[in-house]
Amino acid sequence: MFKERNSVSQREIQRCFNLVDFFWKLKYDRNEFEPDAMRYIALALALTYYFRLPTKEDNTQRKDDKTPSREDLADLLSKTVPNFTETIQNELNKFVNTDNFIIPHGVAVNQAVSCCISRKVTRYLLNI
Amino acid sequence: MIVSVLGKTHSIKTNYKGENTCCIGINDTINLSSLISSFLSIESQTLDRPSTVYFNIHLYTPFEQLNRLLFSLFICGSLTDFNSGLTFSPSTSKQWQYIFEVPYSDYVDRTVQENSKYLLPVLSMISSNNINEITETNYELYIDEQEELVARFLKAFENRTIDRMYTEHIPGRECPVDFDKLTDHNECRRYILQCKDTYASELPKNKIFELTFTKFLYRRFRFFTGFQYRYNITYQKLGSTIMPQMINEARCLTQIDFSTETYPRIYLVYDKEFSLCVLHNDWNQVSQDLKTIFKNADPAKNEEHQNKNYAVVCLSWVVDIPYRMFEQVMKEMKFILTENFTYKLFHIHERKLTKLPLIIEGETGVGKTFLLKFYSSLLNVRVTHGELHDNVSPRIRERTSLWLCKHVFDGLLKNEPNLNYVLLRKIQSILSNNPIDDEDIEGQLDGQIDGNDPLENIKKSLYHGEYSSDILQSIWKSIISISTRIQNENNLTKRLLTDLHEFIVQQLTKLPLAKASHQLGTLLSTWKVPTSEKSIEILNEFLNYTEIKPLFYRLLLHPGVTEEQIEGFISPICRLAREVPDVELVVFFDEVNTSSCLGLFKEMFMDGTLHGTDLPKNIFFTAAINPYREESNDEQVHRSTYNVHRLPQSLDNLKVSYSILDRCTLEDYIKQKIATFTVSSITDPTIQQPLEEYHQTVLTKCILDAQEFCEKRLGKRFRMNLFLE
Numbered sequence: 000m001f002k003e004r005n006s007v008s009q010r011e012i013q014r015c016f017n018l019v020d021f022f023w024k025l026k027y028d029r030n031e032f033e034p035d036a037m038r039y040i041a042l043a044l045a046l047t048y049y050f051r052l053p054t055k056e057d058n059t060q061r062k063d064d065k066t067p068s069r070e071d072l073a074d075l076l077s078k079t080v081p082n083f084t085e086t087i088q089n090e091l092n093k094f095v096n097t098d099n100f101i102i103p104h105g106v107a108v109n110q111a112v113s114c115c116i117s118r119k120v121t122r123y124l125l126n127i
Numbered sequence: 000m001i002v003s004v005l006g007k008t009h010s011i012k013t014n015y016k017g018e019n020t021c022c023i024g025i026n027d028t029i030n031l032s033s034l035i036s037s038f039l040s041i042e043s044q045t046l047d048r049p050s051t052v053y054f055n056i057h058l059y060t061p062f063e064q065l066n067r068l069l070f071s072l073f074i075c076g077s078l079t080d081f082n083s084g085l086t087f088s089p090s091t092s093k094q095w096q097y098i099f100e101v102p103y104s105d106y107v108d109r110t111v112q113e114n115s116k117y118l119l120p121v122l123s124m125i126s127s128n129n130i131n132e133i134t135e136t137n138y139e140l141y142i143d144e145q146e147e148l149v150a151r152f153l154k155a156f157e158n159r160t161i162d163r164m165y166t167e168h169i170p171g172r173e174c175p176v177d178f179d180k181l182t183d184h185n186e187c188r189r190y191i192l193q194c195k196d197t198y199a200s201e202l203p204k205n206k207i208f209e210l211t212f213t214k215f216l217y218r219r220f221r222f223f224t225g226f227q228y229r230y231n232i233t234y235q236k237l238g239s240t241i242m243p244q245m246i247n248e249a250r251c252l253t254q255i256d257f258s259t260e261t262y263p264r265i266y267l268v269y270d271k272e273f274s275l276c277v278l279h280n281d282w283n284q285v286s287q288d289l290k291t292i293f294k295n296a297d298p299a300k301n302e303e304h305q306n307k308n309y310a311v312v313c314l315s316w317v318v319d320i321p322y323r324m325f326e327q328v329m330k331e332m333k334f335i336l337t338e339n340f341t342y343k344l345f346h347i348h349e350r351k352l353t354k355l356p357l358i359i360e361g362e363t364g365v366g367k368t369f370l371l372k373f374y375s376s377l378l379n380v381r382v383t384h385g386e387l388h389d390n391v392s393p394r395i396r397e398r399t400s401l402w403l404c405k406h407v408f409d410g411l412l413k414n415e416p417n418l419n420y421v422l423l424r425k426i427q428s429i430l431s432n433n434p435i436d437d438e439d440i441e442g443q444l445d446g447q448i449d450g451n452d453p454l455e456n457i458k459k460s461l462y463h464g465e466y467s468s469d470i471l472q473s474i475w476k477s478i479i480s481i482s483t484r485i486q487n488e489n490n491l492t493k494r495l496l497t498d499l500h501e502f503i504v505q506q507l508t509k510l511p512l513a514k515a516s517h518q519l520g521t522l523l524s525t526w527k528v529p530t531s532e533k534s535i536e537i538l539n540e541f542l543n544y545t546e547i548k549p550l551f552y553r554l555l556l557h558p559g560v561t562e563e564q565i566e567g568f569i570s571p572i573c574r575l576a577r578e579v580p581d582v583e584l585v586v587f588f589d590e591v592n593t594s595s596c597l598g599l600f601k602e603m604f605m606d607g608t609l610h611g612t613d614l615p616k617n618i619f620f621t622a623a624i625n626p627y628r629e630e631s632n633d634e635q636v637h638r639s640t641y642n643v644h645r646l647p648q649s650l651d652n653l654k655v656s657y658s659i660l661d662r663c664t665l666e667d668y669i670k671q672k673i674a675t676f677t678v679s680s681i682t683d684p685t686i687q688q689p690l691e692e693y694h695q696t697v698l699t700k701c702i703l704d705a706q707e708f709c710e711k712r713l714g715k716r717f718r719m720n721l722f723l724e
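Chain order of the listed sequences is A and B.
For the first sequence, numbering that gives the first Met the number 0 gives the first residue as 0, with consecutive numbering after it.
For the second sequence, numbering that gives the first Met the number 0 gives the first residue as 0, with consecutive numbering after it.
None of these hints come from the bench; they were simulated from the model.
Take the hints with a grain of salt, since some may be wrong.
[To be verified] List time: in silico SDA-like cross-link candidates among lysine to any residue, alpha-carbon distance up to 25 Å:
(1) Lys672/B to Glu11/A
(2) Lys672/B to Pro67/A
(3) Lys330/B to Glu11/A
(4) Lys616/B to Asp661/B
(5) Lys672/B to Pro81/A
(6) Lys458/B to Ile426/B
(7) Lys711/B to Val120/A
Computed from a predicted model, the values in this text were never measured in an experiment.
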């Protein structure tokens, strides 16, 4: 638990850069010829900041009206990166599915599960 | 018994401590058995002389235990540790003197005398007449060389002789501006305190601030002993112009606070010879008086500094390293020098020069560790990047390469033309990544070296250390294999093998920063004359697995860390520091106030001793603390994750706050960071290029927004946010 402690800091910023770099090199769906910088930026932001926040629904369920939600951040980021949420959802669907992962029966691949998987995987791969 | 707020340790050291004094530091825990052993050893060492024992008692001492112990020692006449069976009882025929330093903190509402009675009732009963309280009047600012120098120039400033200029009274006889030393300590003290009262009246009245202020002044006033001032014939009123600026700088540096954006940004900087330059972020903010010294021209715009980062120019000037080395370290460590970091680095260095420790107060992730690590690399850049000779820097690969060039090629192989020819072909094949068989070359033994002597080029590359360890190993392999094949009367192979052994052994003894791997140690001791295969193995171990001791040490503290563990951490560092006196080690204790052994830190940081033994001077102690906050209900949930103690008062006066970077600084940082960030080019993946400008802007804005969003909406809770982790 201690190891995973978060902070908004220069470490986050470095994390963002590492992630952009990672996606740039990866180009994981091989159909593309040109790197899509905007998409990598969106993904890096999502993994560094967006996924760390609870969704609106999470907040409602926990009766928490103080913690800002993922949607709030998405609204802000969409001003600079158009279609931020759609991009992320698309990427999640492409990445976390039964082709790439062995997902036990009865587990619904919702956003919570898929974002958790992708965070863990990238963290593991990039050691950040 | 010595009691006071601050200045006890120093007072005891200068007034009471003699050669036979034994210091015993009592910190958060009392180790009875080691205490008794120290007593026993003192007694045996000083049989015929009186013994003095000095107890340095810290604020966090378990006083109940200590009182019992003192009762047992003074009233019952003996001390026994029931676990080890050790017993000590002071012999009656011998004279013992005990000095106790009793801690005090402003936070308790008792007077100094009452406090010592409260803490150590046993002592106040048996020696109630011997309490010596240190106050402003009976223990004044200690006047040493540094303080005298400060006072000397303050006096010159007051009586306006500071503006004297260089003259040649008698032609041919130089008469630089010098001032007579002050001999009266009271006079010195008066000038310093008067200066503090006039120019820095807001500084709290205590020894630490007086001390820091004077030390910062000392650093600046040494300009008046430098060439530029003493031989000044150009600037009128040089002294009286810069004196107020210097005093002001000392005042600011003493209490600098990076938690707001308002810290002062104009400082005179000096190089080793005390030539002047000015560090500023805006020439218009520099005072008119100062501008005249620089002939009203911004030094940043100076032709000499064209295409250079002015902050780097000033900092390399202060730290006294070449500009290019500074940039090299920045590049290697990917360090981004924002304006904020420039001033922080400047302050760190100035603080280091005062020989006082630095304590940084700041939240997690404001860049403390990395900044100190970077600073440590800067300090030692001459060692790590300078010339190889006269230098303790390991740089094993470069040294081996140089040895191959000088000792092997220019020495042993010099008169072996046949061998050289074959060797050259072989090395060329290694370099071109196209290995050829030894058999193939051997047919051409009588060949001649053609062209413009490629051997010279190889030697040149070896000399400049351009080859990787792998290539060096291949070269060695080739030398050995070819020399074995071409037997000659000089017994060359054997000499090569013994010389390699000798070279490595010599390097390992000469370089205290390099530590042989276990494997290498065994190989070297078993094979005084290695076989060909073993020599290759030895070289491989030496080049690739020699451990390089770091110059920057960080220890993360938590409540479970014991004094023994800290001692275990610090003692190898001290040993190393003594072995390499030219190297400055930076030791960083992170989250120091979560530790329960704060007394020990006070002893190390302020008194410069560890359990009474002196620590080497080339260690710069730094620490970071989490902000101490009074408990409030709102914060309670989060406070439980880290519980922090209040610092001893002397350390508390040395802390400097770093805040979370504000938007401007952050923007500056991200922009510079993005500019250095490269991705592979679309057209040619081998080329690295920066992101397109549009994407740079998007990324900067997004990161800034996201950071600000999290900081504002989640605040400190975000730091502890474990959601979905």
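- Task: Compare the structure with the hints numbered earlier in the document and write down the numbers of the violated ones, lowest to highest.
- Result: The structure conflicts with hints 2, 4, 7, although it agrees with all the remaining ones.
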